[in-house]
Amino acid sequence: MSSVPASAFLALALILFCIGLYGALTKRNTVIVLISIELMLNAVNINLVTFSKYGLNPSITGQIFALFTISVAAAEAAVGLAILISLYRAKKTVNIDEMDIMKH
Amino acid sequence: MGLSTKTGRCQALLGFDKIRVVPGTARRGIVIMMENAWLIPLFPLLSFLILLLFGKRLKEASAYVGILFTLASLVYSILVLFERFSEPTYGTNFEWLTIGDIHLTAGFEVNQLNALMLVIVSLVSFLVHTYSKGYMNGDERFPVFYAYLGLFTFAMLGLVISPNLLQTYIFWELVGVGSFLLIGFYFYKEEAKAAAKKAFIMTRIGDVGLFIGMILLFWQTKSFEYSEIFKAVDAGAVSGTMITLTAILIFIGAVGKSGQFPLHTWLPDAMEGPTPVSALIHAATMVAAGVYLVAALFPLFQASKTALLTIAVIGAFTAIFAASIGLVQTDIKRVLAYSTVSQLGYMMLALGSAGYVAGVFHLMTHAFFKALLFLAAGSVIHAVHTQNIEEMGGLWKKLKFTGPLFLIGTLSISGVPLFSGFFSKDEILAAAWEGGHPILFFLALIAAFMTAFYMFRLFFMVFTGKPRTEMKNVHESPANMTYPMMLLGVLAIVAGYVNTPWFGSFLGDWLVDGNPRLGHAHVEGPIWIMIAATVVSLLGIFMAYLMYYKRSLARNWLSGTGDTLHTILTNKYYVDEFYQLTVIAFTKGLSYFLRFIDVFLVEGLVKGVVGIVQGLGRTGSRMQSGQVQTYGAVAFIGLALLAVIYALTGGYLR
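Protein chains in written order, with numbering that gives the first Met the number 0: chain A, 0 to 103; chain B, 0 to 653.
Derived by calculation from the structure, the hints in this document are not laboratory data. Beta carbons: idealized from backbone N, C-alpha and C, even for Gly. Check each hint, because a few of them may be wrong.
Among the chain B residues that face chain A by a calculated CB cut under 7 Å, a handful are [as the list claims (entries may be wrong)]:
1. P466
2. T468
3. G625
Derived contacts from chain A toward chain B, CB cut-off under 8 Å, selection only [what the hints assert, rightly or not]:
4. A23
5. L24
6. I82
7. I95
8. D96
9. D99
10. M101
Quick list of simulated restraints, FRET-style, between CB atoms [what the hints assert, rightly or not]:
11. B/G607 - A/E75: 46 to 52 Å
12. A/V71 - B/G607: 29 to 35 Å
13. A/K90 - B/T629: 14 to 20 Å
14. B/M622 - A/A81: 27 to 33 Å
15. A/F67 - B/V608: 51 to 57 Å
Same shape as in the complex, but just chain A (with noise of 0.2 Å):
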């Protein structure tokens, strides 16, 4: 296989989870804050492919995960999409800061 090691994986994972992180908490879009979410999904996903590959057992269970979280992350990015649509058209508004409701 390749020679790729195991801590490049969760290096690169590590690196994109800390972005939408970051991304998650400081953007003001609320689009690019879903954008930010799926990136920290996606790096779960690669963790998921790593250790279904490097880990103690391998087996094929946790790349099988990773396509299981693909599809649900896809469905969610649909809902969260119509959500902030509907949102929208509520409020026309993207800025989250003006989503406050739930303070009330």
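Following the hints, put chain B in place on chain A, whose structure we already have.
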């Protein structure tokens, strides 16, 4: 549970809660009146309730409600009194509360003293009700006045048929409430408001003594019942010191209620109330409650020489002290008020000298002639619209009925022979002499002289001479005011003949019948006492005659021009000022100190706690911003911190 016994009081035997009749005692069925004596206080209560609910609609007709119900009480009381002449004491009790082994009872009792008091109270109350219809005519709170009168009469009648201390205490306080309401009837007047408060607080000071005494007695004898207490005292179950202590504490209650020195200052101030109220409460009934209490608990007092001596000394001192103040007062009602204080002192002196009969006798005659004097004074005030005797004069011709009636009252209180006051005062003087208090006897004799002097000073200044101010429109009071006075006038003359050294001591024999503890029916004093009493009273009248009628003696011949004595007397020995400087100043200081603690310490503490909680709440609510991103950031930082801690400690917190 109820029983009527041949000789003694009704005994509350604890542990029974059903009606129980001892067989073989007096003819039952004949005591039907006494059996239902509990109805007597309920009539005025009913009047009070009716007037409370419908007074506004009844308006002036409320007077008839009050008059009718008190008339019912009066008639019933008289029937009970007559029945009590031939029948033994009747009493009944039922169990009220049971706490552990302690049984508290409630009920009523008709003994001689109670039957007599019932008649006195309901009679004076009835007459005052009638009189007030004229006196209070046109007052916009007329129904309220009658309602209060009803409440007071209920309380007073309830007080005098109570068979135990606890019940007495409850009615005792109710009487205080009635008095408070009636003194403060003109509550828009500052003086009336202050007087009502003063009366309430001063009597409360005494009531604390009564309360402590009552609880101590209960602790010692396990009962509030008079009969049980006397039994325990007779059996020697209570130590001598304890008897003295409780007796004096209970006497303190009587001191407050009966306006004895040093708690007398409220009584003259209470004259701010309407005059019929002064006649009913502050002359004939409520102030006599203290004397009644001492008389009702007489066997207890008799068990302690010290307590009796205390009563006698305070009584004699009050008698002369108040009489000397009465010499110089210029308000017609205040003169009568100080005279009341002085006469109550006489009664206490009599009781303290073991003269049970003399005290009760004087209580009765005083109720009649003092009520008469107050009602007559009210009639005068009604006619001339002033209470200052310096502004009156020459009213004898204008007030055809009031003048002679006032004279009857004055003669009676001065102790002129053949009037009721003469007989009762003579009894008291004899009791004081025989009781072994020569000093107190002479104090009382001097007080008798002063009484005659200031009463006739009052009479001459009001009714004789020339009017000192222009008085228009002076007219005699209406019939419903003069008739009660006439009845009292008759009683003020004849009431003394029920107990005289000449025609037999009927009242005395009856009062002590079956109760050897109460002492002798009649104290046979030396004949010179009667002569001395007559001489001093005539001397007092003669001096008043010279100074205020003939004016051959200057009004200030005794005190000279310096007038130091006069100033002291006018200012009532500065007792009020003394209280102002000592007790009140001390209380105020203490109150300010406590207020300081309250404002700065207690409130500071509370405000501190409030501040902390509010701060916390405000921070918390600020943290809930609704921003999901903030929440996420905080959660992440928390997780990161946990991870760092985990990494540093290796998973264990030591």
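A closest beta-carbon separation below 7 Å is what the hint needs, so does B/G625 meet it against chain A? Since chain A brings a Cβ to about 3 Å from B/G625, closer than 7 Å, the hint holds.
Have a go at the A/I95 hint: is there a Cβ in chain B nearer than 8 Å to its own Cβ? holds, 6 Å
Hint B/P466 vs chain A: min CB-CB distance below 7 Å? With a closest approach of 85 Å, the B/P466 hint is violated.
Supplied contact hint for A/I82, tested at 8 Å Cβ to chain B: Hint violated; A/I82 Cβ to chain B Cβ min 13 Å, cut 8 Å.
Given hint A/L24 near chain B, where the shortest CB pair must fall under 8 Å: holds, 5 Å
Classify the hint on A/M101 as holds or violated, based on whether any CB of chain B lies nearer than 8 Å to its CB. holds, 4 Å
Interface hint for A/D96, Cβ within 8 Å of any Cβ on chain B: Since chain B brings a Cβ to about 7 Å from A/D96, closer than 8 Å, the hint holds.
Pairwise beta carbon distance, B/M622 to A/A81, judged against the given window 27 to 33 Å: holds, 31 Å
A/D99 was flagged as interface toward chain B. Is the shortest Cβ-Cβ separation under 8 Å? At about 3 Å, which falls below the 8 Å cut-off, the nearest Cβ of chain B leaves the hint on A/D99 intact, so it holds.
Range first: 14 to 20 Å. Now tell me if the beta carbons of A/K90 and B/T629 are that far apart. holds, 19 Å
Mind checking the hinted window 29 to 35 Å against the Cβ distance between A/V71 and B/G607? Violated, at about 54 Å.
Is the distance from the Cβ of B/G607 to the Cβ of A/E75 consistent with 46 to 52 Å? Because 51 Å falls inside the window, the suggested range holds.
Taken one by one, the earlier hints fail for this structure at numbers 1, 2, 6, 12, listed in ascending order.
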